[in-house]
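Participant: Produce the entire structure from the sequences given, and follow the hints as far as they go.
Per numbering that gives the first Met the number 0, the very first residue in the sequence shown carries number 0; after that it's consecutive.
If you are wondering where the hints come from, they were derived from the structure by calculation, not from laboratory data.
Even glycine gets a Cβ: it sits at the ideal position worked out from N, Cα and C.
A hint or two may mislead.
Listed below are the simulated DSBU-like cross-link pairs for lysine-lysine, each with C-alpha atoms no more than 35 Å apart in a straight line [as the list claims (entries may be wrong)]:
(1) Lys210 / Lys510
(2) Lys406 / Lys496
(3) Lys318 / Lys195
(4) Lys92 / Lys251
(5) Lys5 / Lys533
(6) Lys100 / Lys81
(7) Lys347 / Lys375
(8) Lys207 / Lys408
(9) Lys408 / Lys467
(10) Lys207 / Lys347
(11) Lys251 / Lys467
Here are the simulated distance ranges between beta carbons [unchecked claim]:
(12) Glu321 / Glu258: 33 to 41 Å
(13) Asp91 / Lys349: 49 to 57 Å
(14) Pro233 / Asp79: 27 to 35 Å
(15) Ser115 / Asp372: 54 to 62 Å
(16) Glu436 / Ser115: 37 to 45 Å
(17) Lys81 / Ala513: 26 to 34 Å
(18) Glu321 / Pro480: 49 to 57 Å
(19) Ala513 / Pro480: 28 to 36 Å
(20) Glu193 / Ala299: 28 to 36 Å
(21) Gly67 / Gln292: 33 to 41 Å
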Amino acid sequence: MQFSTKIFPQADLQSAKQLKTSLKSLLTQNTDCLVLGYSQADFDGVAASKTAKSKAGLLAELDLLLGGAISHAMVLGDLDGKQASICLLRADKSWSANAVKAKRVLLLCMGDLQSSTDRSLTAYAKVARAGLKALSGGSIENALWFAPSFTLSKASEMIAQEVRLAVQYAGDQAYRFGVRQPAMKFKVKDKADEFKHLIFAGNDACAKELKLAVEQGGAIVEGMHLAKDLGNLPPNICTPTYLGKTAQGLAKKTSLKVEVLGLKQIEALGMGSFLSVAKGSDTPPQFIVMRHQGGKVGEAPVVLVGKGITFDTGGISLKPGEAMDEMKYDMCGAASVIGTMYSTALMKLKKNVIGVIPTCENMPSGRATRPGDIVKSMSGQTIEILNTDAEGRLILCDALTYVERFKPKAVIDIATLTGACVIALGHVHSGLFSDDESLVNALTKAGQDSLDTVWRLPLDAAYHEQLKSNFADVANIGGRPAGSVTAACFLSRFTEKYKWAHLDIAGTAWKSGAAKGSTGRPVPLLVNYLLEQK
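Facilitator: Structure (structure tokens):
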């Protein structure tokens, strides 16, 4: 999917004086489809014109330029004032008489813009999704989307949010694993969508914000696509070594600096907890460090830490066979970090960001760690492993100790950590754990702005009681009650030297069933968070 911008300097559909000339300038564009938003008030204006002598509003003026096509659509019941309703008009001879060159006009209803509910970003997302769905899957190859006709507010921040979100959804809709990875789909080849080019049009009032939002949205899409590819690849392809090579490949085409540490280097660092998970597999572990130096020299970086279990059998604490194939998605935390770092580099973000990824397989073998084993972490804390299927926290804790050397501004770890989080939050929100209020607020806002949302869960000291061990400093599980909370509490023991938040994405990183596949979350959340950092 290609994204671009086009500016019509004086186009303003909100101005009665400029409405007619603005519509004419848009309709004379050579495009497969012109996309416009209208309100319930615009619809009511056309409806009222049936009994009144004069017509008023966007749809009424458009009706005159399109030879009565709007009125005809209303008679047929194809056009109404309900939010997210769509009406696709196709060119006929009357259009050419008015010099209309657009082959189609797609009208999307924004609803009642006097209502706070209909003016929400969630409401806009509903409308945008409906419009993008109508553009996809047919013969439309390109479309001109006039962004100011959709805006809920003239504030530049809101326009940027809306456009970024529309780009994000368009890219998400266009994603086809079989097209991007043709060698992986051996039966029926996915076909690329005919809809390939979305042009966001604006005016002088929003030109700067529009261009930047499209660039940022495109970078988010690229990061999401990469994260989806990595998640969807089979585990015999997407191994720890493959993740390392993918990161190194990004360094060749962006400004990212990448270092991949192997087994001996990991051993030299004293990462006994990480290595206890990796030792059951014949595939060697990797420790990936990705650096984006967009900020000032010496400026404290934001550090992202992603769980990279490329396949999780549970180890000796073997998982049930049903749906175990989905454990290839246990590296989606790592995939989201790689995707976010790629997005960051593409948009040349003027901040310092570091991505850290411990990655290995969790396999049963004669060398595998056993329940009851005690290992020593890089921090020096000893861990009694009561369940080898609670392995994500074991690789993350050493990574969280490692990142102390960067003296970070903040650290966020991202992991498909617990099934308990899926039970608690389902597939809507990612779980958010942190004791730092400013970090919680920033991540919550980023989630709201990108509609890649989070929900805060507790980290009370009382939960640490469940992690007590008779034989080590800490146990790696705390029993079934509050499983996602105790997992976060475990990680918190290794993060006392910096601001930290944990995102449990077990319920949001991928979908099961007929729609099985990686979602690319939480790349939009993380990128929006980074964009907002001062």
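Participant: If a hint holds in the structure, say so; if it doesn't, say that too.
Facilitator: How the hints compare with the structure:
Taking the CA atoms of lysine 210 and lysine 510, the gap is about 32 Å. The hint holds against a cut of 35 Å. Taken as a hint, the lysine 406 and lysine 496 pair is honoured in the structure, with Cα atoms around 9 Å apart against an allowance of 35 Å. Between lysine 318 and lysine 195 the alpha-carbon distance is near 42 Å, which puts this suggested pair outside the 35 Å criterion. As the CA atoms of lysine 92 and lysine 251 are separated by approximately 53 Å, the hinted pair breaks the 35 Å bound.
Pair hint lysine 5 plus lysine 533 holds up; C-alpha atoms about 30 Å apart against a cutoff of 35 Å. The suggested pairing of lysine 100 with lysine 81 holds, with an alpha-carbon distance near 28 Å, which does not exceed 35 Å. Restraint check for lysine 347 and lysine 375: not satisfied, since their Cα atoms lie roughly 39 Å apart, outside the 35 Å limit. This hinted pair checks out: lysine 207 and lysine 408 have alpha carbons roughly 30 Å apart, not beyond 35 Å.
Restraint check for lysine 408 and lysine 467: the C-alpha separation of about 30 Å stays at or below 35 Å, so the hint holds. Restraint check: the Cα-Cα separation between lysine 207 and lysine 347 comes to about 17 Å, which is no more than 35 Å; the hinted pair holds. Distance restraint check for lysine 251 and lysine 467: the Cα-Cα separation of roughly 46 Å exceeds the 35 Å cut-off, and the hinted pair is therefore not satisfied. Taking the beta carbon of each, glutamate 321 and glutamate 258 are about 39 Å apart, inside 33 to 41 Å as hinted.
In this structure the hint that aspartate 91 and lysine 349 lie 49 to 57 Å apart at CB holds, the actual value being about 50 Å. Against the hinted window of 27 to 35 Å, the Cβ-Cβ separation of proline 233 and aspartate 79 comes to about 46 Å, which falls outside the hint. Hint check: serine 115 to aspartate 372, Cβ distance near 56 Å, so the stated range 54 to 62 Å holds. Glutamate 436 and serine 115 have their C-beta atoms about 27 Å apart, which leaves the hinted 37 to 45 Å range violated.
Checked against the hint of 26 to 34 Å, the pair lysine 81 and alanine 513 passes, with Cβ atoms roughly 29 Å apart. In this structure, glutamate 321 and proline 480 break the distance hint of 49 to 57 Å, their C-beta atoms being roughly 24 Å apart. Here the CB-CB span from alanine 513 to proline 480 is close to 33 Å, well matched to the stated 28 to 36 Å. For the pair glutamate 193 and alanine 299, the beta carbons lie near 47 Å from each other, so the given range of 28 to 36 Å is not met.
Between glycine 67 and glutamine 292 the beta carbons are some 59 Å apart, a value that contradicts the proposed interval 33 to 41 Å.
Of the hints listed earlier, those the structure fails to meet are numbers 3, 4, 7, 11, 14, 16, 18, 20 and 21, in rising order.
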